[in-house]
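Student: Sequence:
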Amino acid sequence: MEIFIDEIILRTVTEGDIEEIARMWDCPNEVTIEDAYQALKYMEQTHNKNRPKAICHLCLAVFQKKNPKKIIGWCGLDGEAEPGKTVLFYNIDKEFRNRGYATQCVMELLKYAFEGMEYDVIYGGCSKDNYASYRVMQKVGMRNDAFYENGDPVFCIDKEAYHYEVKKVMEK
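Numbering (this note's numbering), first residue to last: 106 to 277.
A few of these clues could be false.
[Said to hold, decoys possible] Computed beta-carbon distance windows for the label pairs:
#, residue 1, residue 2, range
1, Q150, Y253, 42 to 50 angstroms
2, E265, I138, 40 to 48 angstroms
3, F109, Q150, 31 to 39 angstroms
4, D198, K146, 17 to 25 angstroms
Derived by calculation from the structure, the hints in this document are not laboratory data. Glycine residues also receive a C-beta, built at the ideal position from the N, C-alpha and C atoms.
Given these sequences and hints, build the entire structure.
Tutor: Below, the structure written as structure tokens:
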């Protein structure tokens with residue numbers, strides 16, 4: 106899977122990306138090449154399980170078009186994170202933040218979920234102190250309508266609200 110947007114590319118990773126996977130995999134300890142192969146295997150297995158209205162896990166690497174070999178972040182949809190919910194996620198490397206990349210990722214993930222995978226609702230969340238992520242979800246039309254026990258916000262958007270937001274963007 107490969108999606109080209111403005112200045113970035115979202116795509117599934119391959120064995121050719123193994124060193125970049127090891128460099129960018131967000132773990133508390135150093136990630137070895139063997140760990141990166143395990144991560145790649147997990148992504149391949151879960152991607153193969155994805156079906157309309159039943160995403161197991163979709164993880165896409167984020168690349169800049171001008172440097173399509175260097176992973177600058179991750180984004181995707183996780184159907185296993187919370188029972189009965191499919192949750193979007195994204196993480197852009199600090200060096201590449203505040204350029205609109207996260208917003209572009211989220212818009213493409215929502216498009217894929219609603220138009221490609223026939224979802225009715227998608228969820229998202231962030232730390233209550235992560236104002237940038239909070240703002241990204243607001244910008245794409247997600248509503249903060251609940252909170253986790255620790256006070257972190259839970260966002261959601263349904264297909265109707267998504268189409269309304271897309272229409273607004275196209276009218277600009």
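Student: A separate judgement is required for each hint: does it hold in the structure or not?
Tutor: Do the hints match the structure? See the list:
1. Checked against the given bound of 42 to 50 angstroms, the beta carbons of Q150 and Y253, roughly 28 angstroms apart, lie outside it.
2. In this structure the supplied range 40 to 48 angstroms holds for E265 paired with I138, their Cβ-Cβ distance being about 45 angstroms.
3. Checked against the hint of 31 to 39 angstroms, the C-beta distance between F109 and Q150 comes to roughly 26 angstroms, which is inconsistent with it.
4. As the Cβ distance of D198 to K146 is approximately 23 angstroms, the hint placing it in 17 to 25 angstroms holds.
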